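Visitor: Chain order of the listed sequences is A and B.
First residue of the first sequence: 1, per this note's numbering; consecutive thereafter.
First residue of the second sequence: 1, per this note's numbering; consecutive thereafter.
A hint or two may mislead.
With a Cα cut of at most 20 Å, we get these calculated DMTMM-like pairs of lysine to aspartate or glutamate [to be verified]:
| id | chain 1 | residue 1 | chain 2 | residue 2 |
| --- | --- | --- | --- | --- |
| 1 | A | Lys83 | A | Glu142 |
| 2 | A | Lys181 | B | Asp39 |
| 3 | A | Lys181 | B | Glu36 |
| 4 | A | Lys181 | B | Glu20 |
Over the 12 Å line for every Cβ pair with chain A, so calculated as not near, a few chain B residues [to be verified]:
| id | residue |
| --- | --- |
| 5 | Leu34 |
| 6 | Ser35 |
| 7 | Pro53 |
| 8 | Ala58 |
| 9 | His100 |
| 10 | Ala111 |
| 11 | Gly131 |
| 12 | Asp147 |
| 13 | Val150 |
| 14 | Gly152 |
| 15 | Ile155 |
| 16 | Thr162 |
| 17 | Gly185 |
| 18 | Ala193 |
No lab work stands behind these hints, which were simulated from the structure alone.
Small disclaimer: the values here were computed from a predicted structure and weren't measured.
Note that the Cβ used here is the ideal one computed from N, Cα and C, for glycine as well.
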Amino acid sequence: MPGTVPEQVASPLDTAADQMLAERAADGDLRAFEVLVRRYGPLMRVQATRVLGSNDETDDVVQESFITAWQQLGTLDDPSAVKSWLMRIVSRKSIDRVRARREHANIDDTDAPAPESRAPHALAETLSQTEALSRVLAGLPEDQRRCWTLREIAEYSYGDIAAELDLPLSTVRGLLARARKTLLREMEEWR
Amino acid sequence: MTELTPADRRFAAFDLEDTERERTDLNGHTIEQLSEYLDRGQMPADPSIDDSPECEIALRSLGRLRLAQQSLLERDLERESLRDDSWVASILSNITLEAHAGREIPLTHPAPTARLVVTEGAVRGILRETGDRMQNVVVGRCVLVGDVGVSGMPITILVDVTVFPGENIPLLADDLRQAMYSALGKHTELVVAAIDITVSDLQAVPDASARAQEN
């Protein structure tokens, strides 16, 4: 039946360590790969959605990421690090999408700060902290949000963020500091 | 009284433009440094931070931000996990097994002009399935060492396995080795000099609570 997958039978693979799954998948085991897809797909979707700024292209980006992962699993030096490897693939593909989108639209102002009206001040009292944070994050300038997401969700180091975004380390540091302060300041408003 | 209230001071430290104020307000530190201090579990202890009431307030704000981030991530993950399964099926249906076929291993055929092979990937699949049919053992990476392209050339097979706790490992390895010899004999013409089994890990028994280790 289209759109459905047979009911999962409990299998030792479901609880197998990442290393075992990555090694089996690298050997061509689709079942082990499926467990990885289920285990980390949701986190990769969250990451893609946050970097992209919306979920319009999340399906495509995550699917492409897993296809790339399947083809390149044999090149993964440390199979126990498959989670961060997958997060890197999906982050890179998401960033590429944003870049392509910008070139296509031929606009340079996508990094402009979000309009003040998107800030959550007025909504703060009726929103949970979680929802409020979600809105502040969405309202961050794109370059800040991208750095923040790479750091917080994909657990990149500062140096890795700089390399991935092709920015000087000092710029990355500055963007993260601004993002952090904005989030902290907005949090004071929610109290 | 014109003295700043603690709330006003917090805002000063979070000022985007004024890093001088930030250092003055935070006993010479920056928000970034405090954030890293929090990342390190506030170890080793730094008295110039720990003894500053202003730093304490900022650390508390950073801690709250962290908690809010965690609950946002959990909420988003839960939302993604509740989606129907079609995205998994879609990914799997776009994958080609050829990517991991590996080398070709010849099989003899009565007709001299016919060429018959089994792929290395298929052989690894046979080895995995043999393990999966047994209880309390999971077969991981399988490596065929030697020139599999030459008929009759002896090869060695390296197999990584994990077993569930409480198993008699030498006995289990013997059973697995015998089962693998017999499966290979049935499906291939490989001359296998040895199957080296390495128990690389003990695996937790699958149960409902094991879902907790997923992240």
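Visitor: Val150 of chain B: least C-beta distance to chain A exceeds 12 Å?
Guide: holds, 22 Å
Visitor: Are all C-beta atoms of chain A more than 12 Å from that of Leu34 of chain B?
Guide: Its Cβ does come within 12 Å of chain A, the nearest being 10 Å, so this is violated.
Visitor: Minimum C-beta separation from Ser35 of chain B to chain A exceeding 12 Å: can you confirm that?
Guide: The claim is violated: Ser35 of chain B sits with its nearest Cβ about 6 Å from chain A, within 12 Å.
Visitor: Would the least Cβ to Cβ distance between Ala58 of chain B and chain A come out above 12 Å?
Guide: violated, 8 Å
Visitor: The output says Ala111 of chain B does not contact chain A. Does that hold with a beta carbon cutoff of 12 Å?
Guide: Holds: least Cβ distance 29 Å, greater than 12 Å.
Visitor: Ala193 of chain B clear of chain A by more than 12 Å, beta carbon to beta carbon?
Guide: holds, 21 Å
Visitor: Mind checking the alpha carbons of Lys181 of chain A and Glu36 of chain B for me, to see if they're no more than 20 Å apart?
Guide: Satisfied, since the Cα-Cα distance of roughly 14 Å is no more than 20 Å.
Visitor: His100 of chain B: least C-beta distance to chain A exceeds 12 Å?
Guide: Per Cβ check, His100 of chain B is inside 12 Å of chain A; nearest 3 Å; violated.
Visitor: Would you say Asp147 of chain B is clear of chain A, with no C-beta pair closer than or equal to 12 Å?
Guide: Given that every Cβ of chain A is farther than 12 Å from that of Asp147 of chain B, nearest at about 19 Å, it holds.
Visitor: Is the claim that Gly185 of chain B lies outside the interface with chain A correct, judged by CB distances over 12 Å?
Guide: Gly185 of chain B is indeed farther than 12 Å from all Cβ atoms of chain A, at 21 Å.
Visitor: Going by Cβ atoms, does Ile155 of chain B stay more than 12 Å from chain A at every point?
Guide: Fine: 16 Å to the nearest Cβ keeps Ile155 of chain B off the interface.
Visitor: Has the given pair, Lys83 of chain A with Glu142 of chain A, been kept, meaning a C-alpha gap of at most 20 Å?
Guide: violated, 25 Å
Consistency note: the structure conflicts with the earlier hints numbered 1, 5, 6, 8, 9, 11 and 16.
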